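**Student:** Listed in order, the protein sequences are those of chains A and B.
Following the UniProt record's numbering, the numbering of the first sequence begins with 1 at its first residue and continues without gaps.
Following the UniProt record's numbering, the numbering of the second sequence begins with 1 at its first residue and continues without gaps.
Careful: at least some of the hints might be erroneous.
Straight-line distance between alpha carbons at most 30 Å, and here's what the computed DSS-like set of lysine-lysine pairs gives [to be verified]:
id : chain 1 : residue 1 : chain 2 : residue 2
1  : B       : Lys153    : B       : Lys93
2  : A       : Lys55     : A       : Lys11
3  : A       : Lys148    : A       : Lys170
4  : B       : Lys66     : A       : Lys148
5  : B       : Lys66     : A       : Lys93
6  : B       : Lys5      : B       : Lys55
7  : A       : Lys15     : A       : Lys93
8  : B       : Lys136    : A       : Lys66
9  : B       : Lys5      : A       : Lys136
10 : A       : Lys93     : B       : Lys55
11 : A       : Lys136    : B       : Lys66
Keep in mind the hints are simulated off the structure, nothing from the lab.
Note that the structure is a prediction, hence the values are computed from the model and not measured.
Below are the chains, spelled out letter by letter.
2 protein chains.
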Amino acid sequence: MKWNKRQRQPKLREKIEEDPFITDDALASFFDVSVQTIRLDRLEMNIPEVRERIKDVAQKQYDPVKALPEEEVIGDIVDLELDSYAISILDIKEEHAFSRNHIARGHHLFAQANSLAVAVIDDELALTTEAEVSFKRQVYAGDRVIAKARVNKAAQNRTHVNVESFVGQKLVFSGSFHMFREDQVEKGELS
Amino acid sequence: MKWNKRQRQPKLREKIEEDPFITDDALASFFDVSVQTIRLDRLEMNIPEVRERIKDVAQKQYDPVKALPEEEVIGDIVDLELDSYAISILDIKEEHAFSRNHIARGHHLFAQANSLAVAVIDDELALTTEAEVSFKRQVYAGDRVIAKARVNKAAQNRTHVNVESFVGQKLVFSGSFHMFREDQVEKGELS
C-alpha cells in the first residue's frame, strides 16, 4: 500500500530521526515513491539532505580520540563515546576499488573498521592482536560506508570491539577486533 | 661454539641459499659474529647483499597475476605460482606507521597479505569473503615484511589462502583468507 503525502511525511520524519544517515534513494525505495518525491517532501518539511545531516551529527561534541591522532582514523568519525561505541563514514572512491570491476578492496573496509576499533579505546596505546572479519556484500566506488563499533570488555583486561559496516541499510562487513591496551603491553605480553 | 672463517663460510652460503631474503643482521646473530664479518664473508664469496638477492629473485619468471593488475598488489611480488604459493615484500615506511610510536598500522599488513591472497588465485575474479588474522609482533617503520601465501583448496570449490608474514626470521602476522572465485559469484552465492 502506498501512503499519500499526508500519511507519508510524518513517517518520513520519524524514519530520518531514527537513522540520520539514510539516503534519499533508500527512503524512496522504503516508501515506494520516486527519489524526486522524497526530495520534495524534505523541502516541504525543511529537512536537510543526508550530507548536511551527517555534518550536523559530526559537529556535535563527541569524546576526543585517545589512542591515535584523529587524522589517522580511516574515514570520518561522526560519533564516539570512549570504551563504548563509535561511528565513522568512508566514501568509497575509485582509488579504493579494483580497477576492473569497481568493487571496493577489502583492506579499505578493514582499515576503516580497524582504525575505528583503535579510536574507540580509552587508552593512549591500543593495538590490534587478532581479528575475524567477514565481507558480506560487495561495496562499489560511489558507496558510502557507515561503520559502527561497539566495545565489549572481555576477560583478563582485554577488550573486544565489534564493528558492523553498512551501505544504506545493508550490512556489508562485520569484524571482531581483539585489542591490547597499554598496560598489557608494558607487562610484555605483546613483544 | 663460534666457527672460524673456513667453517663458517660454507655454512653461510648454505644459509643464504635456503633463505635468500635473510639480512646481514640476522646472519650475524645466527653465526654470533659482527655484521662487518658477514659483509666481509659475502665479499670474499662474491655473494651480493640482500637487496640485490631479492631483485634477482624478482627478475626470475613467475606466473602472471590474473585476478588483478599487478600494480594493485600491495608490496612487490617476488615469486608466484598460481593456485599454489606467492611471496611479496613490503618495506614499512613512516607513512605506514602510527606517528606516535612508529608501529606499523595493522591494515597495511592486512592489505599486503590480502592482496597477495587475491593475486595467487588462478581466476579472473577473486573476492575475499572472510579472514581471520593475527598480529603476532609489532612491526616498525624501517622493517621489511616478507609475506608468504599458500593455497589450500577447500571443500565446495572454495579456496583458503594462508599467509604468514615475517620480519627477518620472526613471524609478525598470520592470516587465513577465504576466497570466492568467479564461478561461485556467477551462481549468485555472493550477492
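**Student:** Going back to the hint list, which numbers does this structure go against?
**Tutor:** Of the numbered hints given earlier, those the structure breaks are 1, 4, 9, 10, listed in rising order.
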